[in-house]
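Asks: Based on the hints, put chain U in the right spot on chain X.
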Amino acid sequence: MTKRYGDLVAVEGLSLNIEPGEIYGFLGLNGAGKTTTIRMLLGMIRPDGGLVSIFGTKIKPGQRLIWGRVGYMVETPHSYPDLTVRENLEIIRRLRGLSDTKTVERVIEELSLTRDADKRAKTLSHGNSQRLGLAKALIHHPDLLILDEPANGLDPAGIVEIRNLLHDLATEHGVTIFMSSHILSEVNRLATRIGVVHRGQLVKEFDSAELAEQEQRRLMVDVKDTAAALTILENAGILAQADNKDSIAITDIVTTQHPEEVATLLVRAGYPPTRLVVERRDLESYFLSRVGMKEKK
Amino acid sequence: MISIVKTSGGIIKETFAALRVEMQKVRHSKTLWITALAFAFITIICGLFMFILKDPEQARRLGLLGAKAQIFGGTADWPSFFTLVLVIMSIGGLVIFGFIFVWIFGREFGDKTVYDLLSLPTSRITIVTAKIIIAFCWSVALILLVFILMLVVGAILQLPNWSAVVVFDGLGQMLVTGLIAMVLCIPFALVASVTRGYLPAVGCIFLILVLGQVFSALGHGQYFPWSVPGLYSGAAEALTGEASTPIGPVSYILVGVVSVISIVTIDIWWQYADQT
Chain X
242 MTKRYGDLVA VEGLSLNIEP GEIYGFLGLN GAGKTTTIRM LLGMIRPDGG LVSIFGTKIK
302 PGQRLIWGRV GYMVETPHSY PDLTVRENLE IIRRLRGLSD TKTVERVIEE LSLTRDADKR
362 AKTLSHGNSQ RLGLAKALIH HPDLLILDEP ANGLDPAGIV EIRNLLHDLA TEHGVTIFMS
422 SHILSEVNRL ATRIGVVHRG QLVKEFDSAE LAEQEQRRLM VDVKDTAAAL TILENAGILA
482 QADNKDSIAI TDIVTTQHPE EVATLLVRAG YPPTRLVVER RDLESYFLSR VGMKEKK
Chain U
216 MISIVKTSGG IIKETFAALR VEMQKVRHSK TLWITALAFA FITIICGLFM FILKDPEQAR
276 RLGLLGAKAQ IFGGTADWPS FFTLVLVIMS IGGLVIFGFI FVWIFGREFG DKTVYDLLSL
336 PTSRITIVTA KIIIAFCWSV ALILLVFILM LVVGAILQLP NWSAVVVFDG LGQMLVTGLI
396 AMVLCIPFAL VASVTRGYLP AVGCIFLILV LGQVFSALGH GQYFPWSVPG LYSGAAEALT
456 GEASTPIGPV SYILVGVVSV ISIVTIDIWW QYADQT
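Quick note, the sequences are listed as chains X and U, same order. The working numbering puts the first sequence at residues 242 to 538. The working numbering puts the second sequence at residues 216 to 491.
Note that these hints are calculated values from the structure, not bench results. Keep in mind it's a predicted model, so treat the numbers as computed, not measured. Be aware that one or more of the hints could be misleading.
[Unchecked claim] A partial selection of chain U residues facing chain X, derived with a Cβ cut-off under 8 Å:
1) R235
2) M238
3) K327
4) S334
5) T480
[What the hints assert, rightly or not] Below, in silico cross-link-like pairs of lysine to aspartate or glutamate (EDC-like), each with a Cα-Cα straight-line distance of 16 Å or less:
6) K360/X - D323/X
7) K363/X - D326/U
8) K299/X - D289/X
9) K228/U - D341/X
10) K245/U - D326/U
11) K445/X - E253/X
12) K486/X - D466/X
13) K245/U - D323/X
14) K301/X - D289/X
15) K327/U - D489/U
16) K363/X - E328/X
17) K301/X - D326/U
18) K360/X - E350/X
19) K363/X - D409/X
20) K327/U - E316/X
21) K465/X - D487/X
22) K465/X - D484/X
23) K327/U - D466/X
For each residue, glycine too, the CB sits at the ideal point set by N, CA and C.
Here chain U stands alone, though its shape is the one from the complex:
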């Protein structure tokens, strides 16, 4: 009985197995739908701003809401729609992507299922890698959902200035902003692992957001990695109406350093820390 069971090795096979496992966990979770709804809501609200901007009479009737839409979007057309979504996503993305990373790691501790992952023929590093890949895929899927919803909402509103260049440029910027936000969310996964749960990590997301605003306001945002998505997308500029500090290679290097350090640390932690 013992000897007839075959185990199949191979890092690639092992990684695919771990990816399928993580996918299965995500597919059955409510969190997947909550994050999708959150992003859909953001897109629809941006569409609403466009709708208000398109009809100034209605904007005036709505008072404050109309005034705010004017600050964010300017004119009601496809480039403005992309800018508005990008600005909101650069901040909201950090929160929602951060929550995805925290959930994927923190749930193992919250549900106390982590012990099932520690003494297996699949290495802990493979499991951590699979979790990070799935968090990335989930986040990218949300960006694509926003993009598709934007196309639908924009078409319904019959926004002007449509061109393939505007659309692909918009999508590219959304993906780059999203990617920067995603790699900056890996430290939150580390916090969720070390603190063995969700709450301290969620608190950390909000603390970082506040710090990001402070650094941007002080004009040092380019040196604070979590301010970079907002600076890249032009969120800071759109919010303050003033030209923000331009980001340079140092900013991108800092983002890279944070992500590499957090990946290495999370691997070391899972491999060596006592799992009490």
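If we strip away everything but chain X, and leave its shape as in the complex, we get:
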């Protein structure tokens, strides 16, 4: 898919394929093109190039039956402020053609909104507005859930609750979930596959098995004479490089698991380390490096 607004390229040549039952984490910084992509998936904006197909149906204007199988939440969810939580859900129930009136009560319970069911939407906390948005997306038991930043505004307990709910929907009921986020740890905990989007392009895609591999370790060694220490390490067959004036970074997996051997080697050579620490280069760092940003030390 490609989408341009004048000279601004919002999404460029972005290609995604999401398998049934998958939880796909769509990761990107603010303004990376996540919401534009989601709106194209939902037929709210038309791509300038490419096409969207859901369950084998090409998405085009006037499409409606396919949406019966899709639940969605775009950006911060908004509801009719003067209507209660229950009335807002009634509206969605009717527009989705759901004849069973109990669906509203069920989803209220599922999203822990029972206490606020008769409150007007404008009086809800940000977290509960988010729950109402999720309730609207889930009311019809969709086969595919497209969620834009679902954890946004929720407190830690709420985040865990929603994570468990989404996990349960995917694993127990086979619901396919496409969720965007700019919080890597959130995506990391739930997604079975992650796509990293940056400046409208998909820069990397990896599945859960690869996640652990991306979580790199490195052994940081501070010594008074880095040049001499590097020669000693190289002579011992250890791949190392100077990180800054006083530090050496070792990324070799086997070595990072045995820092004591590096310490012994340097002490015996007469260059005892002044600091020896194993750092975990996590997904956050990986993500930032993929999008060309550096972490502040």
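Replies: Using the frame of chain X, we list chain U on its own:
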């Protein structure tokens, strides 16, 4: 869990569902009561003019107000009361009905609830149609409210020249004037949709009102659709005291063309425009 949920189709069922939804939104809004109060106020003010006209002594004591009432109504009786309400409604109706159309469409953008309406098994055209129907029903309900209030006020004032013909003729004229004003308000709904909010559309209502006055003053009102309700009701004549340009089939055709074009355009816009 997924497969047991039944969705029921059918355009009629879908339209009724969309109508109920729009009705629910309107019922809970303050705008409903504000427009009802505005029309009630108009009726009561017209009743006040009748009251002043009925008692010339009091009219003279009130000075300017009495003089103005003389211009509008002439004599204090049922036909004059209907004429006065009709004249005010032909102009005020365009504003208030216009505001109803703008609110029904513009609120979805103002409240950012529009995204909930775009990817549903209910088509966007059904939702737009339901909105227009509800705007019409709301406007007709306001006309009926004015009519009932007129009957009450007129009875209290014990206005002369009551007859079933006068009353039904008056109601018929109110409904026709209102209907012309209503169809001319659909473009305001289009403006509210395209500009994604209320303000530009409200500005558009007032701009059109001014243009309507200009066209009427220049004697070309019959070719400017938004002048037609005023010309039909006799508002221009009542305001200037001079015979206004008569409206003919061309005027009604232009009103029809404006309404059809705006309905088609608003449907196309909702169906195809990017919803960013």
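Asks: Against this structure, judge whether each hint is valid.
Replies: Hints, one by one, checked against the model:
no., hint, verdict
1, R235, "holds, 6 Å"
2, M238, "violated, 11 Å"
3, K327, "holds, 4 Å"
4, S334, "holds, 4 Å"
5, T480, "violated, 15 Å"
6, K360/X - D323/X, "holds, 9 Å"
7, K363/X - D326/U, "holds, 10 Å"
8, K299/X - D289/X, "holds, 15 Å"
9, K228/U - D341/X, "holds, 15 Å"
10, K245/U - D326/U, "holds, 15 Å"
11, K445/X - E253/X, "holds, 14 Å"
12, K486/X - D466/X, "holds, 9 Å"
13, K245/U - D323/X, "holds, 9 Å"
14, K301/X - D289/X, "holds, 13 Å"
15, K327/U - D489/U, "holds, 15 Å"
16, K363/X - E328/X, "holds, 13 Å"
17, K301/X - D326/U, "violated, 26 Å"
18, K360/X - E350/X, "holds, 15 Å"
19, K363/X - D409/X, "violated, 30 Å"
20, K327/U - E316/X, "holds, 10 Å"
21, K465/X - D487/X, "holds, 6 Å"
22, K465/X - D484/X, "holds, 13 Å"
23, K327/U - D466/X, "violated, 62 Å"
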